[in-house]
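Q: With the hints as constraints, model all of the structure from the sequences given.
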Amino acid sequence: MVEDVEFSSYYGRAIVKAPPWGDEIALYLFLGGLAGGSSLLGLGAQFSDRPGLRIATRLTAITATGVGGAALVADLGRPERFLNMMRVFKVSSPMSLGTWILSGFGVGSGVLAAIEVDRLTGLRLPLGPLRRVLHAFETPAALESALFATPLAAYTGALLGDTAVPTWNAAGRNGLSYVFVSSAAVAAGGTAMALAPVRETGPARLLALVGAAGEAITMDRMKKGMHPAEVDPLEEGEPGHKLHRAEKLLIAGAIGTAAAEVGARVFAKKLGKGAGWKTRAALRTVSAVSGAALAAASAYTRFGVLEAGIESTKDPRHVVEPQRARLEERRARGITGDSITTGV
Amino acid sequence: MSTTTVEDDAVADGHWHGSAHERKGFFTDTSICIGCKACEVACKEWNNNPQDGTFELLGSSYDNTGSLGANTWRHVAFIEQDSDRIEAARESGRKLVNLGMPTIRPRSNESAGAKPLGGALGAAESGSNGAGASGGGLPSTPPMGIDLLAPGALNPSDPEDIAKLDTTPPDTADFRWLMSSDVCKHCTHAGCLDVCPTGALFRTEFDTVVVQNDVCNGCGTCVAGCPFGVIERRDDGTINTPTDRDDRKAADMDVPNKNTANKCTLCYDRLVEGDTPACAQTCPTESIKFGDHDDMVDKAHTRVADLHAKGMTEARLYGANPNDGVGGTGSVFLILDEPEVYGLPPDPRVPTKDLPQMYAKAGMAALGMVAAAGLAFLGSRR
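These protein sequence lines map, in sequence, to chains U and G.
Per my numbering, residue 110 is the first one in the first sequence, and the count goes up by one each step.
Per my numbering, residue 175 is the first one in the second sequence, and the count goes up by one each step.
These are calculated hints, taken from the structure and not from any lab test.
Even for Gly, the Cβ is constructed at its ideal location relative to N, Cα and C.
The hints are all genuine.
With a straight-line Cα cutoff of 20 Å, these simulated EDC-like cross-link-like pairs (lysine to aspartate or glutamate) come out:
| # | chain 1 | residue 1 | chain 2 | residue 2 |
| --- | --- | --- | --- | --- |
| 1 | U | 423 | U | 347 |
| 2 | G | 527 | U | 447 |
| 3 | G | 269 | U | 447 |
| 4 | G | 269 | U | 438 |
Pulled a few chain U residues facing chain G out of the computed Cβ check, cut under 7 Å:
| # | residue |
| --- | --- |
| 5 | 124 |
| 6 | 125 |
| 7 | 129 |
| 8 | 153 |
| 9 | 193 |
| 10 | 259 |
| 11 | 274 |
| 12 | 312 |
| 13 | 315 |
| 14 | 435 |
| 15 | 445 |
Every beta carbon over 10 Å from chain G, so not counted as near; a handful from chain U, in silico:
| # | residue |
| --- | --- |
| 16 | 172 |
| 17 | 180 |
| 18 | 223 |
| 19 | 226 |
| 20 | 241 |
| 21 | 247 |
A: Have a look at this one:
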């Protein structure tokens with residue numbers, strides 16, 4: 110029994126407020142995922158002896174961490190107080206947890222980047238006797254950063270979900286973290302494909318393909334679990350455009366990636382021997398272009414989801430309709446003791 | 175005694191701890207609000223809050239403030255309704271009563287007996303109590319003329335005279351004006367407090383929720399965490415109202431605590447001195463009552479029963495149920511229509527309630543990503 114479905118509001122004014130989060134935060138969502146995924150690829154590359162992939166992913170991880178962290182600080186109202194985040198460790202605050210995850214990730218990632226830079230410059234960093242210490246930490250640092258890598262990619266789903274912003278909250282309850290780790294896999298795989306040689310990026314291609322499939326499936330399931338008024342901002346307006354663009358880039362990038370993977374397997378032996386520069390160049394181009402498309406798809410997904418949430422705060426319909434629906438649904442089930450409005 | 179919280183998971187514990195004081199709160203009885211906005215003015219004056227907007231007309235009856243925000247900690251809503259809306263409100267209120275929700279806190283007979291007219295009479299009484307409590311030691315007020323916010327300054331000279339007046343609003347069947355002074359809810363499970371990553375937001379000894387502006391770094395997470403849209407980052411001293419224009423600018427002014435989160439503190443600085451919050455003290459009809467939270471909830475239950483007895487079935491309470499999505503609010507309201515009519519969410523829920531489930535999903539997602547990466551390397555062995 111549904112009653113009183115008529116929607117009313119206070120002069121159409123917003124009920125909940127959007128956080129003051131702009132492009133910096135969307136960029137961070139993308140870069141955090143990229144860093145986490147790259148760290149996993151880097152660990153695998155180290156153990157499977159793929160130096161090109163290893164160097165590319167490690168440098169990607171530290172760059173993404175640095176730029177992402179800087180974007181986070183820049184978005185603060187008082188950037189000079191960013192260290193206040195480290196005053197507390199609060200499980201009830203995904204933002205607090207995320208700060209510690211990012212910091213933990215940054216330590217290992219930073220060590221690995223220093224090692225790679227030292228190697229690339231022919232051991233010319235002025236380290237003295239510390240060089241041996243630094244290089245001894247390679248495997249521990251790789252394991253440490255990999256330990257924080259997946260939480261770094263996944264926690265942002267809870268960060269957006271743990272808000273009163275209708276679209277984010279509903280998305281968080283319906284698996285936004287799944288979408289975000291998939292998107293992270295796509296971003297990391299794509300970036301590695303663009304930066305590392307084709308014969309070493311087999312794992313990056315597979316990870317990107319798994320991520321692309323995961324993103325398509327989990328995004329669809331997430332939307333199906335949400336109230337229509339909470340889904341609308343993901344499909345309409347500018348955020349909707351961005352997410353549709355993300356979808357197209359994802360499909361195009363995935364097709365290109367599959368082609369590159371088939372090509373790499375067919376020409377595996379030739380590539381190893383360095384024969385056929387035309388084949389190599391063609392494969393490299395396909396790999397780089399589809400990798401870039403995948404990375405762009407991931408970025409569009411993050412910007413789209415962030416902006417959709419902000420959009421969902423502007424019209425009270427996105428707040429009132431789902432809340433009314435769940436209230437009526439509970440009442441229909443005979444649960445009447447948990448309403449904020451009471452007649453007695 | 176002061177913690178009326180229901181047992182909940184540890185993540186959403188709301189930072190409750192034993193405190194020396196009773197939980198303090200407001201009971202805002204909108205049925206006797208006259209829309210004078212004295213509360214808005216008193217709040218601004220006392221808290222030194224900067225200007226909001228550019229004094230333009232918002233086209234929303236007499237409300238030209240817009241909404242609660244970083245610089246507006248009391249906001250008076252004005253709603254004009256015709257007879258159809260009145261009847262609809264009366265009907266929806268009747269349904270609420272008929273739902274037979276359990277009376278959460280059984281009204282104690284003695285308090286009901288002592289104050290049969292919970293609303294106006296009870297309010298007048300608390301006013302005289304306030305005068306008695308603080309009349310003895312007036313703190314030195316700055317030499318700037320009459321300080322209307324000074325304790326006791328606005329108490330009626332003889333509360334008994336007012337108590338005898340019939341303050342029941344006349345029942346105008348064709349048209350009505352709803353007026354309601356909104357404020358921070360000081361939730362039992364406060365979303366803003368839960369998600370604050372710096373510890374700038376804290377629960378005071380009065381069990382209210384307050385921002386420490388010297389700690390806050392303006393990350394804005396609390397803004398998203400509030401289901402009522404109360405807290406906001408003070409960016410430029412203006413809020414966003416529906417009449418946003420490019421040419422609107424706030425006048426040059428001193429903006430304290432810029433770029434940090436700001437909201438009602440329930441006049442924390444006045445409470446520690448044993449005073450009443452500025453809005454409650456200045457309210458001429460005592461639509462805004464302040465006191466121990468338990469007493470406020472009792473008064474609210476008494477008042478809504480009185481109004482129902484007079485046939486005003488549209489009256490209902492908002493925030494008086496400790497089993498609701500935020501564990502009950504510290505600021506309880508009596509409203510005369512559905513919450514969304516006043517710009518209040520109909521079924522708010524502290525987002526932290528969903529957090530354990532979201533963390534579980536994030537954990538699953540993280541494991542899935544590890545598995546995917548592992549398979550990717552296994553699948554491309556050379």
